[in-house]
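Please arrange chain P with the ligands on chain U, whose structure you already have, making use of the hints.
From first to last, the protein sequence lines are chains U and P. Under numbering that gives the first Met the number 0, read the first sequence as residues 0 to 250, first letter to last. Under numbering that gives the first Met the number 0, read the second sequence as residues 0 to 82, first letter to last.
By construction, these hints were calculated from the structure, which means they are not laboratory data. Values in this document were obtained by computation on a predicted structure and should not be read as measured data. In this text, a Cβ means the ideal position worked out from N, Cα and C, and glycines have one as well. Worth double-checking, as some hints may not be accurate.
Stated by the list, open to error - Incomplete in silico selection of chain U near chain P, CB under 7 Å:
no.	residue
1	Glu2
2	Met3
3	Arg9
4	Pro25
5	Met31
6	Ile172
7	Pro175
8	Leu188
9	Ala193
To be verified - Distance condition first, Cα-Cα at most 30 Å in a straight line; then the derived BS3-like pairs of lysine-lysine:
no.	chain 1	residue 1	chain 2	residue 2
10	U	Lys48	P	Lys38
11	P	Lys16	U	Lys22
12	P	Lys16	U	Lys241
13	U	Lys196	P	Lys2
14	U	Lys192	P	Lys45
15	P	Lys81	U	Lys12
16	P	Lys16	U	Lys232
17	P	Lys39	U	Lys200
To be verified - Stretches of chain P that chain U covers, calculated by requiring three or more beta carbons in the stretch to come under 8 Å of a beta carbon on chain U:
no.	region
18	53-65
19	68-76
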Amino acid sequence: MIEMLEKGPRLAKAQNAEVGASKFCPGCGHGMILKTLAQTIDELELNDKAVFGCDIGCSLLSWNYMNVDTVQTHHGRTTPVIYGVTRANPDLVGIAYMGDGGGLAIGSQHLVNAAVRSENLLIIVANNTNYGMTGGQMSPTTMPGQKTETTPYGRDCDVTGRPAKGAEMVASIADPEKSFVARASVSNLRKLKATFKKALKNVDMGGFSFVEVLSVCPLNWRTNNVQTWDRLKTMEEFFEVKDFVQREGLE
Amino acid sequence: MTKTHKAIKVENVAKGKADWHLYTDYCKGCGLCIVKCPKKCLNWSKEVGIYQTPAVEPNPEECIGCGTCELVCPDNAIRVEKK
Ligand SMILES: Cc1ncc(C[n+]2csc(CCOP(=O)(O)OP(=O)(O)O)c2C)c(N)n1
Ligand code: SF4
Ligand code: SF4
Ligand code: SF4
Ligand SMILES: [Mg+2]
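Here chain U stands alone, though its shape is the one from the complex (with noise of 0.2 Å):
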């Protein structure tokens, strides 16, 4: 039976309660690591010095979820877009979110770039194993044997290269004094806030943090509940959860 309430869900502060319904499809990762963003920022009082940015793909349906200011742009420019806006204003803390193509593919260099030099800000991709938005087309981090749009036959390794492993990669080339690499999963939401925590910590201390969330698509991977879960286990066999990274104070 439908009942009307007064009391609605509970958001976070840090979650816009104008918009209701995210612009995600059912299941998605990107609502389960952004609520969990948004809570973050709550628990440690950011929400007047957060400054967020989406990028292409996906991630731009984030566009009007959180309740902090809020910037769309390009493919991987998300990254020197919110460094911009911490290097003009260094009290901000600046999260740029993004998925696997605009992070390792299409805005790889703005973030090989940003680890080297420590850039102040938080780099969140968001890896759901393929391009969501255009479709589901391979990307960089399509596992071995993985079918999508463009490998109709399964990710041969041969042809294509093997997947990129970000967190991995960013860890080989972060400055271990000033820095924070992570990779975290949306199957263990708690851990992932811990994660987010520590990541924003040293953010707000004027650091550089990058966090790869493995992440689900349900609709590009044509899975049920059921299987949708399953496939995450599987990503965390091939892509290792784990802190990379970590600078000295950040508990």
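For chain P with the ligands alone, kept in the frame of chain U given last:
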């Protein structure tokens, strides 16, 4: 006028220690919560969500009010209120 929210309300789960709510204008019927419920007591509902696909509701006898479903829901559709 105060804003009201369309919801399925299941009172007194967990032996009366919690109330369970689902906001149908938020639930997209993905079913991810059903898989994560530790008691396997979430089922498809006769009521529909925002896309006119089935929402979910728990068996009140078995639900322990743990809040796992609220935690995992990508769309903030569930609120478990401990009393
Ligand atoms: C410079 C540029 N090249 C290509 C595109 C087309 N395009 C839009 S979204 C997208 C894929 C995004 O994939 P990803 O970054 O993994 O995000 P997801 O949608 O999977 O979350 C592409 C290739 C574009 N918008 N701009
Ligand atoms: S296409 Fe995939 S990533 Fe994009 S909103 Fe839908 S489920 Fe999410
Ligand atoms: S509160 Fe816990 S036991 Fe009850 S339906 Fe949700 S996940 Fe299942
Ligand atoms: S309550 Fe949330 S997780 Fe469960 S089916 Fe609805 S949208 Fe999906
Ligand atoms: Mg992607």
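Going down the list of hints, with the structure as the test:
1. Glu2: Given a least distance of 5 Å, the restraint on Glu2 (chain U) holds.
2. Met3: 4 Å, holds
3. Arg9: 5 Å, holds
4. Pro25: At 4 Å from the nearest chain P Cβ, Pro25 (chain U) passes the 7 Å test, so the hint holds.
5. Met31: Hint on Met31 (chain U): holds, closest Cβ of chain P at ~5 Å, below 7 Å.
6. Ile172: 32 Å, violated
7. Pro175: Given a least distance of 33 Å, the restraint on Pro175 (chain U) is violated.
8. Leu188: Constraint on Leu188 (chain U) satisfied, holds at 6 Å.
9. Ala193: 14 Å, violated
10. U:Lys48 / P:Lys38: Violated: Lys48 (chain U) and Lys38 (chain P) sit about 40 Å apart, past 30 Å.
11. P:Lys16 / U:Lys22: At roughly 34 Å apart (the allowed maximum being 30 Å), Lys22 (chain U) and Lys16 (chain P) break the hint.
12. P:Lys16 / U:Lys241: 36 Å, violated
13. U:Lys196 / P:Lys2: 33 Å, violated
14. U:Lys192 / P:Lys45: 34 Å, violated
15. P:Lys81 / U:Lys12: 20 Å, holds
16. P:Lys16 / U:Lys232: 33 Å, violated
17. P:Lys39 / U:Lys200: Given that 30 Å is the threshold and the Cα spacing comes to 37 Å, the pair is violated.
18. 53-65: violated (count 0)
19. 68-76: holds (count 7)
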